[in-house]
Amino acid sequence: MKVSSQSKFYDAISISDVALDMDELIKEAHANNGESGAVVTFTGAVRVSDEEQGLTGMTLEHYPGMTESQLASILEEAEERWRLTRMLVSHRVGYLAPGDPIVFVATAGLHRKEAFEAAEFIMDYLKKKATFWKKEHYGDRTQWVEAKESDEQAAARWER
Amino acid sequence: MKVEVLFFASFKEQLDCSRLSIDLASGDHVSELCELLSQRGPEWLELFGNPANMVKVSVNQEMAEFNKKLNEGDEVAFFPPVTGG
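Going down the list, the protein sequences come from chains W and U.
If you use our numbering, the first sequence corresponds to residues 55 to 214, in order.
If you use our numbering, the second sequence corresponds to residues 71 to 155, in order.
Rather than coming from a laboratory, the hints here were simulated on the basis of the structure.
Check the hints yourself; a few may be wrong.
Said to hold, decoys possible - In silico SDA-like cross-links for lysine to any residue, where the CA-CA straight-line distance does not exceed 25 Å:
1) U:82 - W:200
2) W:189 - U:85
3) W:189 - W:204
4) W:183 - U:95
5) U:82 - W:111
6) W:183 - U:97
7) W:189 - U:82
8) W:62 - U:133
9) U:126 - W:199
10) W:202 - W:107
11) W:188 - U:123
12) U:72 - U:104
13) W:202 - W:170
14) W:188 - W:62
15) W:62 - W:131
16) W:202 - U:123
17) U:139 - U:124
18) W:183 - W:65
19) U:126 - W:210
20) W:189 - U:125
21) U:82 - W:72
22) W:183 - W:148
23) W:189 - W:152
24) W:183 - U:137
Can you build the whole structure from these sequences, using the hints too?
Now the structure itself:
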């Protein structure tokens with residue numbers, strides 16, 4: 055699954071320890087000279103639901119080098135499966151507060167079906183395969199997040 | 071032969087170690103590396119004594135199996151199942 059460092063998708067990927075610039079990402083996702091009939095964007099954010107009551111923040115870690123290569127592979131696979139005109143993936147590392155965006159994915163294609171499907175595929179594979187790890191903060195107490203069976207199943211439906 | 075060993079996330083904290091250089095016999099596999107690591111102390115034994123499916127491994131930044139043969143200079147990383155996105 056290794057991708058050469060020349061993969062054209064490296065330009066479409068960013069992993070950053072500073073806040074995602076949502077305005078800039080949305081603008082970039084929608085750059086369009088008529089080649090795209092549909093643009094789908096997804097943003098995942100730090101959630102504090104009943105299950106995470108008292109959560110004060112989150113730290114994200116990755117494997118520099120490997121993670122970028124895995125994301126490029128996922129985009130290459132998406133390109134093989136759907137006719138797409140643009141893809142973007144931006145992922146945070148470092149410390150995040152509740153509500154902060156963790157990940158942004160954009161897909162553009164001729165029609166909405168391929169753009170929707172490709173965005174779901176990229177997120178499902180990212181969650182299952184890409185080397186990121188989350189640690190939750192509850193005040194001074196911290197807890198590493200455990201992988202979820204539901205994420206395994208979400209990724210499995212794309213296997214062929 | 072020497073290999074570089076990296077640990078991430080909870081493993082790094084549990085072992086209080088992010089990086090090691092380890093001497094192996096030529097022809098050794100990931101499994102022999104695990105055996106060697108398991109002898110470094112109780113926390114190490116817990117992780118590498120019986121590295122089941124909660125221990126993921128990559129070799130030269132590609133996911134690998136425990137029966138993967140290692141070569142001089144390989145970068146081997148151990149980490150828990152991923153939880154990004």
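Query raised in the report: If you draw a straight line from the CA of residue 183 of chain W to the CA of residue 137 of chain U, is it 25 Å or shorter?
Result: Between residue 183 of chain W and residue 137 of chain U the Cα gap is close to 20 Å, so the pair holds against 25 Å.
Requested in this report: Would you check the hint for residue 126 of chain U and residue 199 of chain W, treating anything up to 25 Å between C-alpha atoms as holding?
Outcome: 15 Å, holds
Query - Pair hint outcome, residue 188 of chain W versus residue 62 of chain W [Cα-Cα no greater than 25 Å] - result: Outside the cut-off at roughly 28 Å; violated.
Requested in this report: Please work out if residue 183 of chain W and residue 95 of chain U have their alpha carbons no farther apart than 25 Å.
Outcome: Judged against 25 Å, a Cα distance of about 31 Å means the pair is violated.
Query - residue 189 of chain W paired with residue 85 of chain U [C-alpha distance capped at 25 Å] - result: 16 Å, holds
**Report entry** Restraint check for residue 183 of chain W with residue 148 of chain W, where alpha carbons must lie at most 25 Å apart
**Finding:** At roughly 19 Å apart (the allowed maximum being 25 Å), residue 148 of chain W and residue 183 of chain W satisfy the hint.
Query raised in the report: Do the alpha carbons of residue 62 of chain W and residue 131 of chain W lie within 25 Å of each other, as the hint requires?
Result: Holds - the C-alpha atoms of residue 131 of chain W and residue 62 of chain W are around 13 Å apart, at most 25 Å.
Report task. Quickly compare the C-alpha distance for residue 202 of chain W and residue 123 of chain U to 25 Å and report which way the hint goes. Result -> With a Cα-Cα distance of about 14 Å, the restraint between residue 202 of chain W and residue 123 of chain U holds, given a limit of 25 Å.
**Report entry** Distance restraint between residue 183 of chain W and residue 65 of chain W, which requires alpha-carbon spacing of 25 Å or less
**Finding:** Since the Cα atoms of residue 183 of chain W and residue 65 of chain W sit roughly 20 Å apart, the hinted pair holds (cutoff 25 Å).
**Report entry** 25 Å Cα cutoff - pair residue 189 of chain W, residue 204 of chain W
**Finding:** Holds: residue 189 of chain W and residue 204 of chain W sit about 19 Å apart, inside 25 Å.
Report task. For the pair supplied as a hint, residue 189 of chain W and residue 125 of chain U, confirm whether the alpha-carbon distance does not exceed 25 Å. Result -> Within the cut-off at roughly 17 Å; holds.
Query raised in the report: Within a Cα-Cα threshold of 25 Å, do residue 72 of chain U and residue 104 of chain U meet the stated pairing?
Result: 14 Å, holds
Hint violations for this structure: numbers 4, 6, 14, all remaining hints satisfied.
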